[in-house]
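Q: Assemble the whole structure, with the sequences as input and the hints as a guide.
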Amino acid sequence: MRLYSQAGEFEIKVNDLVIEGEELIIKGKLGGLYPARVCHTPADLMRVLGYLLRPRVILYLLKLPFYLLSKRKG
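Here this note's numbering is used: the first residue of the sequence shown is 1, the next is one more, and so on.
Source of the hints: derived by calculation from the structure; they are not laboratory data.
Heads up, a few of these hints could be off.
Derived pair list, reagent style DSS-like, types lysine-lysine, alpha-carbon separation capped at 27 Å [what the hints assert, rightly or not]:
| no. | residue 1 | residue 2 |
| --- | --- | --- |
| 1 | Lys29 | Lys73 |
| 2 | Lys71 | Lys13 |
| 3 | Lys73 | Lys63 |
| 4 | Lys13 | Lys63 |
| 5 | Lys29 | Lys13 |
| 6 | Lys13 | Lys27 |
A: Here you go:
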């Protein structure tokens with residue numbers, strides 16, 4: 001996964017998803033070297049769920065298996 005910002009472009013490797021209290025924590029490495037934690041509150045997750053329910057995103061998710069299958073064969 002890549003993160004783009006004004007500070008630069010960073011590779012993020014996700015290693016684990018855990019629940020701590022009421023937060024969903026994404027654990028990984030930034031740039032392959034630095035441990036990173038992304039903490040999501042319930043409000044954050046509801047906002048993301050709202051984004052995932054947009055028609056363009058749903059269409060993308062429906063097409064994704066076919067895209068992956070075509071990449072495998074080609």
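Q: For each hint, tell me whether it holds in the structure or not.
A: Hints and how they fare:
1. Lys29 / Lys73: Not satisfied, since the Cα-Cα distance of roughly 31 Å exceeds 27 Å.
2. Lys71 / Lys13: This hinted pair holds, its Cα atoms lying about 22 Å apart.
3. Lys73 / Lys63: Satisfied, since the Cα-Cα distance of roughly 16 Å is no more than 27 Å.
4. Lys13 / Lys63: The hint holds at about 24 Å.
5. Lys29 / Lys13: With Cα atoms ~5 Å apart, Lys29 and Lys13 stay inside 27 Å; holds.
6. Lys13 / Lys27: Roughly 9 Å between the alpha carbons, so the hint for Lys13 and Lys27 holds.
Checked against the numbered hints given earlier, the structure breaks only hint 1 and satisfies all the rest.
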